[in-house]
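Using the sequences and the accompanying hints, generate a full structural model.
Chains A and B, in that order, are what the protein sequence lines are. Per UniProt numbering, numbering of the first sequence is gapless, rising by one per residue and ending at 291. Per UniProt numbering, numbering of the second sequence is gapless, rising by one per residue and ending at 767.
Honestly, I wouldn't trust all of these hints.
Unchecked claim - Straight-line alpha carbon distances no greater than 20 Å define the calculated DMTMM-like cross-link-like pairs of lysine to aspartate or glutamate that follow:
(1) B:Lys110 with B:Asp387
(2) B:Lys558 with B:Glu158
(3) B:Lys610 with B:Glu564
(4) B:Lys110 with B:Asp349
(5) B:Lys345 with A:Asp43
(6) B:Lys294 with B:Glu48
(7) B:Lys145 with B:Asp190
(8) B:Lys345 with A:Glu222
(9) B:Lys307 with B:Glu51
(10) B:Lys703 with B:Asp729
(11) B:Lys345 with B:Asp250
(12) B:Lys688 with B:Glu714
(13) B:Lys87 with B:Glu46
(14) A:Lys35 with B:Glu462
(15) B:Lys207 with B:Glu37
(16) B:Lys40 with B:Asp221
(17) A:Lys35 with B:Asp387
(18) B:Lys145 with B:Asp97
(19) A:Lys35 with B:Asp285
(20) B:Lys293 with B:Asp316
(21) A:Lys41 with B:Glu350
(22) A:Lys35 with B:Glu394
(23) A:Lys35 with B:Glu37
(24) B:Lys345 with B:Glu394
(25) A:Lys41 with B:Asp349
(26) B:Lys294 with B:Asp313
(27) B:Lys235 with B:Glu564
These aren't lab readings, by the way, just hints derived from the structure by calculation.
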Amino acid sequence: MSMETPAGLYKYPVTKLCMIGTTLVTLIASIANFKYIFIVKYDPFISEYHQYFRLLIFQLGCVNETDMALLVLLWYQFRNLERLMGSLKYISVISLILVYTTTCVAGLNGLVNRILPWKIWNSLTTGCLPVMLALFHFYKEYTPQVYEFEVLLTQPWSQKNHRKQYKWVLNDQFLVNALISILLLNQGVEGMICGFISWICGVFLDKGLLPGMDRWRLPLVEHFLLSKDTNNNQGFYENSGGETSEELLIRRGDREESPGTGDGALPLDDENANDEPARPLGVQFLETFRT
Amino acid sequence: MEIDGNTLLIIIIVLFLFFSTPGGDGVSSQYEFNQLETFKRQLSAEYESFERMNYNSGFRNITGFKLSLNDVIDDPQRNATYPIPSKDYEHWFQNQDYLILPEDVTSRIKNEVWSLDMDDLDENIFPPNITSSLLGRIQLVSNNKYPSIPMPIPRFYEGPTEFSDVTPPVGESYPEEWPVNSELHNVTFDTGQLTIHLTHVDKVASKLGSERKNFFNSQTDRWKFLNLRISLSDKSEHEKHLLHTNAIYDVRKGRILAMSESAKFHSRFAFPHYMNLQDGSDSDDKEMFESLKKAIEEYWKMSNFVKTLTMGDLQDWYDESVLKCEYMVFLQLSPWNQYTRDQIKMIDDELNWPLGRPANLSHLPPVTISKGILYSPDCGVELAFQDAKGERYELKIRSIRTHLLFGIGLFIAQIYLLLCQMHHTNTPSSVNKISVYCFSMINLVDGSLATIYFFAGNFLPELYLPLVTSAFACFILASVFETRYLISVYASQLNERNIGISTLLRGGHTNNEEGGTGTGTTVIPDESSISGSLYARFFFMLVTFTVLALSAMSWPRKLRMIFEYSVIIVLNSYWLPQIFRNAIKGTLPRRNRLRDQRANEAMGVRRQNKMPLLWKFVLGTTLIRTLPVVYVFTYSSNVFRHHRNVRFVVVLCLWLLFQIAMLYSQDILGSRWFLPRMSIPEGYSYHKAMPAQDLLEHGSTAKYTIDCAICMSEVPVRVEEVLETHNVDEQTYMVTPCDHIFHTHCLENWMSYKLQCPVCRSPLPPL
Chain A
1 MSMETPAGLY KYPVTKLCMI GTTLVTLIAS IANFKYIFIV KYDPFISEYH QYFRLLIFQL
61 GCVNETDMAL LVLLWYQFRN LERLMGSLKY ISVISLILVY TTTCVAGLNG LVNRILPWKI
121 WNSLTTGCLP VMLALFHFYK EYTPQVYEFE VLLTQPWSQK NHRKQYKWVL NDQFLVNALI
181 SILLLNQGVE GMICGFISWI CGVFLDKGLL PGMDRWRLPL VEHFLLSKDT NNNQGFYENS
241 GGETSEELLI RRGDREESPG TGDGALPLDD ENANDEPARP LGVQFLETFR T
Chain B
1 MEIDGNTLLI IIIVLFLFFS TPGGDGVSSQ YEFNQLETFK RQLSAEYESF ERMNYNSGFR
61 NITGFKLSLN DVIDDPQRNA TYPIPSKDYE HWFQNQDYLI LPEDVTSRIK NEVWSLDMDD
121 LDENIFPPNI TSSLLGRIQL VSNNKYPSIP MPIPRFYEGP TEFSDVTPPV GESYPEEWPV
181 NSELHNVTFD TGQLTIHLTH VDKVASKLGS ERKNFFNSQT DRWKFLNLRI SLSDKSEHEK
241 HLLHTNAIYD VRKGRILAMS ESAKFHSRFA FPHYMNLQDG SDSDDKEMFE SLKKAIEEYW
301 KMSNFVKTLT MGDLQDWYDE SVLKCEYMVF LQLSPWNQYT RDQIKMIDDE LNWPLGRPAN
361 LSHLPPVTIS KGILYSPDCG VELAFQDAKG ERYELKIRSI RTHLLFGIGL FIAQIYLLLC
421 QMHHTNTPSS VNKISVYCFS MINLVDGSLA TIYFFAGNFL PELYLPLVTS AFACFILASV
481 FETRYLISVY ASQLNERNIG ISTLLRGGHT NNEEGGTGTG TTVIPDESSI SGSLYARFFF
541 MLVTFTVLAL SAMSWPRKLR MIFEYSVIIV LNSYWLPQIF RNAIKGTLPR RNRLRDQRAN
601 EAMGVRRQNK MPLLWKFVLG TTLIRTLPVV YVFTYSSNVF RHHRNVRFVV VLCLWLLFQI
661 AMLYSQDILG SRWFLPRMSI PEGYSYHKAM PAQDLLEHGS TAKYTIDCAI CMSEVPVRVE
721 EVLETHNVDE QTYMVTPCDH IFHTHCLENW MSYKLQCPVC RSPLPPL
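Right, here's the structure in full:
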């Protein structure tokens, strides 16, 4: 597996879909003023108004724009996972995680509020924080640490021999860790609770306690999302199932090393194929600014 | 620019002028200071008198209430002074001796307007928040039956007569010189339209110019302070009256009493007495009087009413008193008995702060004023109306937001269609067939919409986000895509400027023999220099049209309608210029085009003979642009309150259909089918035989071939005089108007970039 992932979102249809979806849903909800449907509070929405639909959709949109920005950044960081699993498996896993985390978080919340007499956990998070936390487990598990670096901190005004040196070791994943912790802190206690539950969901799913990881594939995805890419599809692997992720990783590593598949995903340099293609009007427009 | 001492001085003076406008209370001279002090003294004195007033005593020296109706009837020449010797100030009864209302108006108010059964206060439930705009029809009851009460205007309101004036004049002036039947101080129509804008005043600022506002009302379950903007007009909008009134809303009984306020009518102090017009028990009435008096005192104290008065207020009061009649407005709200108090609270909360509570807002009944009487004591005019209705303001905003979102969808669809169209015409030759005027019209409408949205965003803070998004989408469409497209169309047609239509019909260039301008010297300016002038024109048109459209909204109805209809018809004739353009450029009928295309494909030549506009674009654009018009003209409860006129919409649709049918017929039958064959001159043909003379000038070889300047290989040419060259196919080479010869394939490739001769740069007629 090459060390550097290609820049941008070329051949990352699922990541692209998730990033655009997270942004657009929040933006449209904000313009149309229906952001409030993503708020879940046990009291009054569930216990009094019986608006159970909120439990189903609370992960789809954010109420807070900071959350949205963090989530989009995290989706981008998690694109390694799409590369690792392949688009179809990635989106299937995301859909599984969405179902499991929603069920667990909403179910546990209902249970806690039913059983315990005092209100300790009234509201759920907004935005796909649970999915993120479950994927975070996968990210930590399957993305190797590439490098680490040390930040040396000394006290500037003390004498040289008394000077204490603090060493702070960070690695290349520290950005993801930081983003996840900001995301959790930003939503307060609810963020912690829901985050913990969904992280456990992620672990269980990976270890096979929650079924479906290997068998379940979203139907029709290939038709709608991936059809464009299948004609030139060396970067897109389909795991036929029956393998655990570790095996998959090993197999992928083998395949990467075999010649001929390395840079097949990059676009062909077809500048010489047709030396004077008819220029689209957009290019002509840009030309006017050139003089 | 170099900044020397003089420039600096000018800048400082300009800045000084900017920042030295009278701040605070707006006083800018000794005279105005004295005016304002007198104003404040007068109001303070009246407030003291108000504080002493109780349920059993009448008005003393409160401006506008010094005379009762009977005082005027007894002695029409009596002046409004205080105290009047024979007047009884120590008692208060609800009759003509004390009120300024005539007896039968009072009884009508008691029996017809404020007549809901109030025995059980819990029986009827009224919404506590009634911010809305109500519409209704109003009838004139009488405008000459009742005597008008003289209301003098204190003379200190008047401006100074000369510069040296320091003290304002004393005394009062009676506006005797009002013509009796003037429209300003009378209502002359029998029935008219009524609009009432209700807004709540829950908070007041207690310092001048302070942003911080405080709640003042300790009895919000009982009294609410409102501002009512009432406008009356006849149907043709020749006579308009606009009243700004303060109002008190009795939440428990659903009664609203609104009174205008001006220099001659200090109505604020009269609310407690006039709110009490009912046949109730004395103790209740007394309690109510005290409670309302307390509410008004709270308002007065919290707002620091006297201290926060400004010169602006003084001038407003004076203008209102001179220009308008004073009105007392008695309204009765319809109860919302289908809800409980808790439900109404939930509805209010949901409207203020939507969280998705189960309030069922879509079935919310309108705010309805079941009955109302407007009476003007100083003009003696009485008007009455029934059932003025309107949605709650927040619901209205919601529905406008939905409409705006739909509009954004339309803009996005339009952008997509335009991109398809741009992709369809991606060479100068095909862009050349597009009409500039067609797209100018479309562009003008989009640009004006963007401007209007943008300004509206500043006036409607609740809708800022959707309005700015719409403005953004619209602006992207108008100024990025459409204007860029226009620039390329304009650039491709530049060599046709200053040419008559007959020449254009022939093929769009000047021949040497008739034009005489010579070839090879014309310089076509590039797009960047065109875009500057085109953008300037676009913005100028935009501003002019927007200002015109906005000012047209306030014109009288008839003029406004003529303007509106003609503008809509003109701006919806956007395909008309394209029809003319098609006729000028002369595309072939569809069958011939298909045949040509097959022939050309066999030869491997790309030909520009398609219709310039995509059908998807034509139909989509028409639909997108007609939908809003259709909605506004046929859906009677549309958000713009536009009147309904189905006939106009039908005419408009037929007109658009006609244009589309013309375009279609040009596609099928050829774009010049409606022109008589005689009137069409022969177009320029690139494929023709050359005279030997010309060919020699170009340095032909002995085999009558010429080097093509593009591919540098030989072009065999058919020469008129030489028979052996006659087996050369004329379609294989092209002769430009400047007599340069190229391979058909080479030149056509080049012409998809630029309509200029590759050798001498003179303009080429498009294919």
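Hints versus structure:
1. B:Lys110 with B:Asp387: Distance ~18 Å between B:Lys110 and B:Asp387 Cα, so the pair holds.
2. B:Lys558 with B:Glu158: violated (38 Å)
3. B:Lys610 with B:Glu564: Roughly 37 Å separates the two Cα atoms, so the pair is violated.
4. B:Lys110 with B:Asp349: At roughly 34 Å apart (the allowed maximum being 20 Å), B:Asp349 and B:Lys110 break the hint.
5. B:Lys345 with A:Asp43: holds (18 Å)
6. B:Lys294 with B:Glu48: Since the Cα atoms of B:Lys294 and B:Glu48 sit roughly 14 Å apart, the hinted pair holds (cutoff 20 Å).
7. B:Lys145 with B:Asp190: The given pair, whose Cα atoms are some 15 Å apart, holds under the 20 Å limit.
8. B:Lys345 with A:Glu222: Judged against 20 Å, a Cα distance of about 51 Å means the pair is violated.
9. B:Lys307 with B:Glu51: holds (18 Å)
10. B:Lys703 with B:Asp729: Holds - the C-alpha atoms of B:Asp729 and B:Lys703 are around 15 Å apart, at most 20 Å.
11. B:Lys345 with B:Asp250: Distance ~17 Å between B:Lys345 and B:Asp250 Cα, so the pair holds.
12. B:Lys688 with B:Glu714: holds (17 Å)
13. B:Lys87 with B:Glu46: At roughly 18 Å apart (the allowed maximum being 20 Å), B:Glu46 and B:Lys87 satisfy the hint.
14. A:Lys35 with B:Glu462: The given pair, whose Cα atoms are some 15 Å apart, holds under the 20 Å limit.
15. B:Lys207 with B:Glu37: holds (18 Å)
16. B:Lys40 with B:Asp221: Measuring from Cα to Cα gives roughly 32 Å; hence the hint is violated.
17. A:Lys35 with B:Asp387: violated (36 Å)
18. B:Lys145 with B:Asp97: holds (18 Å)
19. A:Lys35 with B:Asp285: Since the Cα atoms of A:Lys35 and B:Asp285 sit roughly 48 Å apart, the hinted pair is violated (cutoff 20 Å).
20. B:Lys293 with B:Asp316: violated (26 Å)
21. A:Lys41 with B:Glu350: holds (16 Å)
22. A:Lys35 with B:Glu394: Holds, because 17 Å separates the two Cα atoms, which is no more than 20 Å.
23. A:Lys35 with B:Glu37: The hint is violated at about 52 Å.
24. B:Lys345 with B:Glu394: holds (15 Å)
25. A:Lys41 with B:Asp349: holds (17 Å)
26. B:Lys294 with B:Asp313: violated (24 Å)
27. B:Lys235 with B:Glu564: holds (17 Å)
The structure is inconsistent with the numbered hints 2, 3, 4, 8, 16, 17, 19, 20, 23 and 26, although it conforms to all the rest.
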